[in-house]
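Participant: Per the UniProt record's numbering: the sequence shown ends with 154, consecutive numbering throughout.
Keep in mind that the hints were calculated from the coordinates and are not lab data.
Check the hints yourself; a few may be wrong.
Lysine to aspartate or glutamate pairs mimicking EDC-like chemistry, simulated, CA-CA at most 16 angstroms apart [as the list claims (entries may be wrong)]:
1) 62 with 76
2) 2 with 51
3) 2 with 121
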Amino acid sequence: MKAAYINSFYQATNDVFEMMLDIKPDRGTPRVLNNGYQSNEASVILGVTGDLKGTILFNFPKTMVLEMVKIMSGMEMEQIDSFVSSAIGEIANIIGGNALTILSSNNYNCDIVTPQIFVGEYKSFYMPNEIVFLLPLTTSIGEFEIAISLKEKA
1 MKAAYINSFY QATNDVFEMM LDIKPDRGTP RVLNNGYQSN EASVILGVTG
51 DLKGTILFNF PKTMVLEMVK IMSGMEMEQI DSFVSSAIGE IANIIGGNAL
101 TILSSNNYNC DIVTPQIFVG EYKSFYMPNE IVFLLPLTTS IGEFEIAISL
151 KEKA
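Build out the structure end to end from the sequences listed, making use of the hints.
Facilitator: In structure tokens:
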């Protein structure tokens, strides 16, 4: 997997978090995952099609998701309900779209599939491609991860 894939998602995440939440995420050290992925309390999955194929998984703790929604809407929520789920799905969708726009400057033409949102603890996900990079990010409201599994279309 090329560094451009990971960098595009970091740059898009940074841009979206700064614009929508006025928060700058600090990038941790990416690492390779070999045997699936244990998720946190709120996960958003984006499928990628086109010149690149694969899956992007955003993984957030509940406290961070609720704080993100509070910052964006001014409403204090206690649970991850349909409103909160919709908000985090939209944030992931915007990040995904921006990342693919960045990748298009490297001549990758891709589309994203409608986000799938999963709420609840201890879900296991198995990514379809052999290599999965986990990008940890830290913010003032919590830590989250992006699992990136992309490969060029054969």
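Participant: Does each hint fit the structure? Answer for all of them.
Facilitator: Consistency of the hints with the structure:
A threshold of 16 angstroms between alpha carbons decides the hint, and for residue 62 with residue 76 the separation of about 13 angstroms falls inside it, so the pair holds. About 14 angstroms separates the Cα atoms of residue 2 and residue 51, which keeps this hinted pair within 16 angstroms; it holds. Between residue 2 and residue 121 the alpha-carbon distance is near 31 angstroms, which puts this suggested pair outside the 16 angstroms criterion.
Going through the hint list in order, the structure does not satisfy hint 3, though it satisfies all others.
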